[in-house]
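A.B. asks: Just so you know, the sequences run in chain order A and B. Position 81, counted from 1, in the first sequence is what my numbering calls 82; the numbers after and before it change by one each time, with no gaps. Position 211, counted from 1, in the second sequence is what my numbering calls 236; the numbers after and before it change by one each time, with no gaps.
Some clues are possibly wrong.
Unchecked claim - Listed below are the simulated DSSO-like cross-link pairs for lysine-lysine, each with C-alpha atoms no more than 27 Å apart in a straight line:
| id | chain 1 | residue 1 | chain 2 | residue 2 |
| --- | --- | --- | --- | --- |
| 1 | B | Lys-120 | A | Lys-221 |
| 2 | A | Lys-234 | B | Lys-138 |
| 3 | B | Lys-94 | A | Lys-229 |
| 4 | B | Lys-257 | A | Lys-132 |
| 5 | B | Lys-157 | A | Lys-235 |
| 6 | A | Lys-132 | B | Lys-262 |
| 7 | A | Lys-132 | B | Lys-102 |
| 8 | B | Lys-102 | A | Lys-235 |
| 9 | B | Lys-157 | B | Lys-102 |
| 10 | B | Lys-94 | A | Lys-55 |
Note that these hints are calculated values from the structure, not bench results.
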Amino acid sequence: MSNILEFSFMWDTFIHLLQFIPVTLFLAIISMILASIIGLASAIVQLRNIPILKQIATVYLLIGRAVPTMVMLYIVYFGLPILLLVFTDKTGIDTGYQHIPPMVFAIAGLTVHTGAYLTEIFRAAILSIDKGQMEAALSVGMTWFQGFYRIIFRQAALVAIPLLANQFLGLIKSTSIVFTITVIELLGGAKIASVETYRYLETYLVVAIMYWSISIIFEKLFLLAEQKLGIFKKEANI
Amino acid sequence: MIEFRNIHKAFGENKVLKGINCTIPTGSVTVIVGPSGSGKTTLLRSVNFLERADSGEIILDDIHLDVEKATKADIHKIRQRTAMVFQTYNLFKNKTALENIMEGLAIVRKVPKAAAKEKALHFLEKVGLGHKAAAYPHELSGGQQQRIGIARALALNPDVILFDEPTSALDPELVGEVLEVMKKVTQEVNCTLVVVTHEIAFAREVADHVIFMDGGVIVEQGPPQEILNHPKEDRTKQFLSRYISLVEYNI
Ligand SMILES: Nc1ncnc2c1ncn2[C@@H]1O[C@H](COP(=O)(O)OP(=O)(O)OP(=O)(O)O)[C@@H](O)[C@H]1O
Ligand SMILES: [Mg+2]
Chain A
2 MSNILEFSFM
12 WDTFIHLLQF
22 IPVTLFLAII
32 SMILASIIGL
42 ASAIVQLRNI
52 PILKQIATVY
62 LLIGRAVPTM
72 VMLYIVYFGL
82 PILLLVFTDK
92 TGIDTGYQHI
102 PPMVFAIAGL
112 TVHTGAYLTE
122 IFRAAILSID
132 KGQMEAALSV
142 GMTWFQGFYR
152 IIFRQAALVA
162 IPLLANQFLG
172 LIKSTSIVFT
182 ITVIELLGGA
192 KIASVETYRY
202 LETYLVVAIM
212 YWSISIIFEK
222 LFLLAEQKLG
232 IFKKEANI
Chain B
26 MIEFRNIHKA
36 FGENKVLKGI
46 NCTIPTGSVT
56 VIVGPSGSGK
66 TTLLRSVNFL
76 ERADSGEIIL
86 DDIHLDVEKA
96 TKADIHKIRQ
106 RTAMVFQTYN
116 LFKNKTALEN
126 IMEGLAIVRK
136 VPKAAAKEKA
146 LHFLEKVGLG
156 HKAAAYPHEL
166 SGGQQQRIGI
176 ARALALNPDV
186 ILFDEPTSAL
196 DPELVGEVLE
206 VMKKVTQEVN
216 CTLVVVTHEI
226 AFAREVADHV
236 IFMDGGVIVE
246 QGPPQEILNH
256 PKEDRTKQFL
266 SRYISLVEYN
276 I
């Protein structure tokens with residue numbers, strides 16, 4: 002080996018690994034969307050003090066934030082099939098759990114984990130909106146839902162975006178652990194490639210650069226969204 | 026017409042409304058005055074159920090509600106017939122001046138967008154802010170925001186507009202412009218206006234009916250000359266003496 006870093010090899014690896022980027026993005030984006038729905042719902046349940054649902058949300062938050070993502074992933078991966086098996090046994094309804102692709106478990110695990118954090122983000126963002134905004138909405142005759150969707154949510158979303166961006170960048174990195182449950186994404190693909198060539202350093206440098214590039218692109222996208230949504234917002238004057 | 030029948034409201038141990046009975050005639054300008062903490066805001070907010078009274082009845086023309094039994098649908102109905110102007114304006118921060126007025130028309134009243142826009146512009150001009158249609162609330166002064174708050178309420182053409190100290194949060198030099206708009210409103214519209222305010226001079230000028238509240242009860246009520254110039258009750262005299270020099274109200 003003449004050079005410490007073989008650049009032509011790195012380039013080839015880069016090209017080879019490009020095929021795994023869609024998997025990583027698919028995992029991250031779908032999990033983020035599902036987690037946003039769960040997070041928003043459980044934030045509302047908590048803020049509106051809806052009985053029973055509130056208790057469920059509280060337990061979910063405790064577990065979701067306390068359990069490491071990888072452990073969560075394993076629990077979903079090994080636990081969900083058993084749950085479905087029992088369900089099939091008891092009811093005779095075939096869930097076809099043997100045929101569920103590991104990708105589904107990966108998304109479920111990441112969603113459960115991320116949703117708990119998003120709950121807190123949405124809760125704080127909604128709480129930061131002056132309660133006079135909802136009162137004004139109700140006073141002109143809107144329903145609670147109209148007021149929430151048209152007024153509160155849109156203001157809260159703007160508050161939440163930078164935090165959501167953070168969470169999403171973290172989630173992109175978290176997708177790298179789904180390799181452990183046999184989903185081959187960017188890191189998984191790189192591991193396989195490096196085993197074949199023994200060029201670990203080059204391969205992982207390429208992977209690092211690829212994660213970094215993805216992060217930068219999304220950071221910019223979130224910033225753009227923040228600017229676009231924030232036209233009504235006063236500039237910070239610090 | 027709004028009628029309160031034996032309205033009670035407590036926040037925990039703190040009894041804020043202790044049996045309010047009164048009738049506010051249709052089309053009248055009724056001003057509610059009274060010391061801080063006397064329950065004026067709470068009474069006003071009990072009309073559109075932003076604050077739900079504990080017991081009593083609220084009657085708005087044909088809507089007759091026992092507050093304990095009022096359903097979501099009842100509350101929605103009463104909110105569609107009323108509008109409110111808030112002390113802190115509460116303009117929708119994510120909407121322009123024009124959109125603030127359009128919102129209730131388009132979303133609640135289901136007015137087609139073009140017509141809603143036209144109507145909103147009309148009311149924006151009425152409060153002298155046609156040129157600020159595209160401004161967001163943070164780009165407007167307090168006085169301008171409140172004038173838009175008034176336009177937002179007017180545009181809905183409600184049976185009742187509830188004003189909760191519309192000028193109290195304003196810098197002194199901005200109070201005048203808002204009172205000017207309010208005077209115009211009292212002359213031009215025929216909906217019922219209920220105004221909580223500390224502007225005694227304004228009350229004297231525009232009110233048909235004045236209610237003086239203290240400690241969760243109505244101490245006295247009547248025409249402004251009577252209540253503001255020749256109050257019978259000591260508590261009213263005491264309260265007014267803080268606003269008017271003795272000489273003035275002996276005239
Ligand atoms: N949401 C609330 N929770 C608890 N107490 C409240 C609440 N709103 C009002 N109060 C209390 O009720 C009492 C009456 O308040 P209210 O706002 O109706 O008075 P007010 O006559 O409007 O006074 P001000 O002139 O200062 O506006 C006060 O003692 C206040 O502390
Ligand atoms: Mg008040």
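A.B. asks: Hints the structure violates: just list their numbers, smallest first.
C.D. replies: Of the numbered hints, 3, 4, 6, 8 and 9 do not hold.
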